[in-house]
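Q: Chain by chain, the residues:
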Amino acid sequence: MRSMLKTSAAALAILATATSGAFADGLTGDLKIFLDTSNPAPRATMEKMIADFQAQNPDLNIETTVIDREAYKTQIRNFLTANAPDVNTWYAANRMRPYVAAGLFEDVSDLWEGTEIGENLASTKGAMTIDGKQWGVPYTYYQWGVYYRKDIFDELGLTEPATWAEEKANCQKIIDAGKKCYTIGTKFLWTAGGWFDYLNMRTNGFDFHMDLLTGKEKWDSEKVRATFANWRELIDMGAFIDNHQTYSWQEALPFMVKGDAAAYLMGNFAVAPLRDAGLSDDQLDFYQFVEITPGVEKAEDAPTDTFHIPANATNKENAREFLKYVVSADVQTWINDGKNLGQLPVNAKSSVDKDKFLEQGFEMLSTNSPGGVAQFFDRDAPAEMAKVAMEGMQEFMVKPDNLDKILARLDRSAKRIYDN
Amino acid sequence: MAYTIDAQTRRSSWWHKNQQQLTPWLFLAPGILFFLFYVIFPIFQSFNLSLYEWDGLGQAEFVGLYNYEELYWDDAFYTSLKNNVIWLLLYLAAIPAGLFIALFLNQTVTGIRLYKSLFFFPFVISQVVVGLVFTWFYDPTFGILNVLLGSVGIPPINVLGDEDYVTIGIIVAGLWPQTAYCMILYLTGLNAVDPEQIEAGRLDGAKGWRMLWYIIIPQLRPATFIAFVVTIIGALRSFDLISIMTNGGPFGASRVLSFYMFEVALSEYGFRMGYGAAIAVVLFLIMLAFIAYFLWSIYKEEKAR
Numbered sequence: 001m002r003s004m005l006k007t008s009a010a011a012l013a014i015l016a017t018a019t020s021g022a023f024a025d026g027l028t029g030d031l032k033i034f035l036d037t038s039n040p041a042p043r044a045t046m047e048k049m050i051a052d053f054q055a056q057n058p059d060l061n062i063e064t065t066v067i068d069r070e071a072y073k074t075q076i077r078n079f080l081t082a083n084a085p086d087v088n089t090w091y092a093a094n095r096m097r098p099y100v101a102a103g104l105f106e107d108v109s110d111l112w113e114g115t116e117i118g119e120n121l122a123s124t125k126g127a128m129t130i131d132g133k134q135w136g137v138p139y140t141y142y143q144w145g146v147y148y149r150k151d152i153f154d155e156l157g158l159t160e161p162a163t164w165a166e167e168k169a170n171c172q173k174i175i176d177a178g179k180k181c182y183t184i185g186t187k188f189l190w191t192a193g194g195w196f197d198y199l200n201m202r203t204n205g206f207d208f209h210m211d212l213l214t215g216k217e218k219w220d221s222e223k224v225r226a227t228f229a230n231w232r233e234l235i236d237m238g239a240f241i242d243n244h245q246t247y248s249w250q251e252a253l254p255f256m257v258k259g260d261a262a263a264y265l266m267g268n269f270a271v272a273p274l275r276d277a278g279l280s281d282d283q284l285d286f287y288q289f290v291e292i293t294p295g296v297e298k299a300e301d302a303p304t305d306t307f308h309i310p311a312n313a314t315n316k317e318n319a320r321e322f323l324k325y326v327v328s329a330d331v332q333t334w335i336n337d338g339k340n341l342g343q344l345p346v347n348a349k350s351s352v353d354k355d356k357f358l359e360q361g362f363e364m365l366s367t368n369s370p371g372g373v374a375q376f377f378d379r380d381a382p383a384e385m386a387k388v389a390m391e392g393m394q395e396f397m398v399k400p401d402n403l404d405k406i407l408a409r410l411d412r413s414a415k416r417i418y419d420n
Numbered sequence: 001m002a003y004t005i006d007a008q009t010r011r012s013s014w015w016h017k018n019q020q021q022l023t024p025w026l027f028l029a030p031g032i033l034f035f036l037f038y039v040i041f042p043i044f045q046s047f048n049l050s051l052y053e054w055d056g057l058g059q060a061e062f063v064g065l066y067n068y069e070e071l072y073w074d075d076a077f078y079t080s081l082k083n084n085v086i087w088l089l090l091y092l093a094a095i096p097a098g099l100f101i102a103l104f105l106n107q108t109v110t111g112i113r114l115y116k117s118l119f120f121f122p123f124v125i126s127q128v129v130v131g132l133v134f135t136w137f138y139d140p141t142f143g144i145l146n147v148l149l150g151s152v153g154i155p156p157i158n159v160l161g162d163e164d165y166v167t168i169g170i171i172v173a174g175l176w177p178q179t180a181y182c183m184i185l186y187l188t189g190l191n192a193v194d195p196e197q198i199e200a201g202r203l204d205g206a207k208g209w210r211m212l213w214y215i216i217i218p219q220l221r222p223a224t225f226i227a228f229v230v231t232i233i234g235a236l237r238s239f240d241l242i243s244i245m246t247n248g249g250p251f252g253a254s255r256v257l258s259f260y261m262f263e264v265a266l267s268e269y270g271f272r273m274g275y276g277a278a279i280a281v282v283l284f285l286i287m288l289a290f291i292a293y294f295l296w297s298i299y300k301e302e303k304a305r
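Top to bottom, those sequences are chains A and B. For the first sequence, this note's numbering begins at 1 and goes up steadily by one. For the second sequence, this note's numbering begins at 1 and goes up steadily by one.
Simulated from the structure, these hints should not be mistaken for lab results. Don't take every hint at face value.
[Claimed, not checked] With a cut-off of at most 27 Å between alpha-carbon atoms, the simulated DSSO-like pairs for lysine-lysine come out as follows:
no. : chain 1 : residue 1 : chain 2 : residue 2
1   : A       : 399       : B       : 82
2   : A       : 324       : A       : 216
3   : A       : 133       : A       : 399
4   : B       : 82        : A       : 405
5   : A       : 223       : A       : 356
6   : A       : 415       : A       : 405
[As the list claims (entries may be wrong)] Covered stretches of chain A, as calculated for chain B (at least 3 residues, CB under 8 Å):
no. : segment
7   : 114 to 126
8   : 136 to 150
9   : 190 to 204
[Stated by the list, open to error] Just the calculated beta-carbon pair ranges, DEER-fashion:
no. : chain 1 : residue 1 : chain 2 : residue 2 : range
10  : B       : 133       : A       : 115       : 28 to 38 Å
11  : B       : 240       : A       : 235       : 30 to 40 Å
12  : A       : 115       : B       : 136       : 17 to 27 Å
13  : B       : 239       : A       : 38        : 20 to 30 Å
14  : A       : 43        : B       : 287       : 52 to 62 Å
15  : B       : 62        : A       : 43        : 23 to 33 Å
16  : A       : 97        : B       : 240       : 24 to 34 Å
17  : B       : 62        : A       : 125       : 36 to 46 Å
18  : A       : 47        : B       : 295       : 22 to 32 Å
19  : A       : 39        : B       : 104       : 40 to 50 Å
From the three backbone atoms N, C-alpha and C, an ideal C-beta is built for every residue, glycine too.
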């Protein structure tokens, strides 16, 4: 009886929001949306979400264009200047800076005023803020961490490590068993950036990491060297798979699937292909990157994908309504659930899908990352700097003896990039 | 009656008088316009752009020769330049290889057309496919190359992950289609070899290498010239194989100028239009030197006739 009451109450609530949506804010006019969610699953989710918005606003004329994710990264520069849509997807933090600086993104600070968005989305506000203003809204984010083969850990009698010493001790046992500790593919460089993010944030803390990435600290410093020294311990042990420089991150997955490598430092998007390759949830598990320097507050990488209104858009009011709709608690809950994007909702009032990894990730980000939440190496650092630095990291992973040369090169590049 | 008047006015019209001179220009006009607009004009635009610092969005800032000064200090630029030279030298191997395959296939055997098509096949398939096939071939863990090396007791080599081997590895992949191209040029050249001269050479006792060197190869000069031009240009504009096979890596060791230009100007982490244009200008000047040499040698030959 109680459950029936509950269901009908919920049904009433849904009916209420649906009707208020349809009658109160029935929008008119046009709304042109550009999306970079070109992979089949996210594309279907986005299209369904837009279809729902259309249903709520039958008089609104919505036109959606989906562009290939890689092509989008160059096309955005053209369409923001000429033929701007009303809403477009992009990434948070420094990745949006060039467009903010060029005056191509609309200031949407007004949306962030008040509790509706301001409070519920407080955790991602920093990533959307440049010069004290907000330039868009997030729609999803996901945690990074160490995904590992639980069955291999069990077989070797290992448990999830919590400190750097335990991490290394575990790794040594894995190597002794004839396997590699970590799989990684650095062909496209950014995977090495993930390792650096974690090693540096754990060795020197979030604030130092951000200062380094924004050009306030030097690369050739004792602190950065300490980070690389920690990294080198793993490299010298032979912890990483051989020939990682020839593989993309997907090409590095089979090593873990076949059991030649025990773990993968990756974003949550790696779970789907690992499951598709046949690993069950009993074999696959997740732990937070371990503490290195005691007392340094843990900070995490959690890249955020975003919606923006181009400054040259024609229907900015409709676009604002759409952004409000995207970040609303219900929409956030269902677009991020396991059947759709399979990531974390940005709205604090949303619920996280009952997925082992999403639940662990959500808990880690909400309770165990007091240091702060970083976006990712190539989103926090300016693009040019990210490129040079990640190339240096790849070189370091193959030839650790070149460290002096690499750090000197990075400082020279940093001087040019940040002084402009 | 009306016809003659009409014909007379037409005959005396300006168009009729100049028809002979104008017609070729009318036919050429669309081509010339497109060439000017899409080739010549952008060249000057690139020259101009290389003097600016511009991210493709905001205001371009005039920096004079700063981009070139920075090129001078840029290690990656020298790596690319060095690799361009390696490409240029090793890629020329396609010419003798193409010649010998052509000589081999220039026989009358049943099914020779099939063999010819099989040898020509790599030129027809996309460079992207060639790149992927060779990437799998070189794969250090699963590739056939290391299986073959292992069977004769040589330890595995990570061709595309080693800064010393990577450029050569990509060039070998590029030689596969390029050899086919040179082969087809020589096959058509061999059709034009004069049988009487061969006959005369035989009577004088020439055969084997001497026949090839003194009788056949001189007659293949036009084919050799074209093969040379396309191979040099092909080597200098090598891009797609690098992009597919290594993406410039490991740590930039397999870049060439055209790829480096793309990287700094147009790729995900780039958007330094001025710097990219400066690299393009350097590449253009190198190509110009070669093209000028070719044009000059054609001119000399024509004059000698």
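Q: For the pair we were handed, residue 399 of chain A and residue 82 of chain B, check the Cα-Cα distance against 27 Å.
A: holds (21 Å)
Q: Per the hint of 40 to 50 Å, is the separation of the Cβ atoms of residue 39 of chain A and residue 104 of chain B within bounds?
A: Given a distance of about 48 Å, which is inside 40 to 50 Å, the answer is holds.
Q: With respect to the beta-carbon atoms only, verify the hint that residue 240 of chain B and residue 235 of chain A lie 30 to 40 Å apart.
A: Between residue 240 of chain B and residue 235 of chain A, where Cβ atoms are some 33 Å apart, the hint holds.
Q: Could you say whether the range 20 to 30 Å given as a hint is met by the Cβ separation of residue 239 of chain B and residue 38 of chain A?
A: holds (24 Å)
Q: Quick one: see if chain B covers the segment 190 to 204 of chain A, three-plus residues with Cβ-Cβ under 8 Å.
A: With 0 residues closer than 8 Å to chain B, the segment 190 to 204 of chain A misses the three-residue bar; violated.
Q: Honestly, do residue 62 of chain B and residue 43 of chain A meet the 23 to 33 Å range at C-beta?
A: Roughly 43 Å apart at Cβ, these two residues miss the hinted range, so it is violated.
Q: Does the structure keep residue 82 of chain B and residue 405 of chain A at a Cα separation of 27 Å or less?
A: holds (20 Å)
Q: Verify the proposed pairing of residue 223 of chain A with residue 356 of chain A, using a straight-line Cα cut of 27 Å.
A: Violated, because 36 Å separates the two Cα atoms, which is more than 27 Å.
Q: Mind checking, does the segment 136 to 150 of chain A have 3 or more residues with a CB under 8 Å from chain B?
A: Three-residue rule not met by the segment 136 to 150 of chain A, so violated; n is 0.
Q: Is it true that residue 97 of chain A and residue 240 of chain B lie within 24 to 34 Å of each other by Cβ?
A: holds (32 Å)
Q: Between residue 47 of chain A and residue 295 of chain B, does the C-beta distance stay in 22 to 32 Å?
A: violated (56 Å)
Q: Starting from residue 324 of chain A, check that the Cα of residue 216 of chain A is at most 27 Å away, please.
A: violated (36 Å)
The structure is inconsistent with the numbered hints 2, 3, 5, 7, 8, 9, 10, 12, 14, 15, 18, although it conforms to all the rest.
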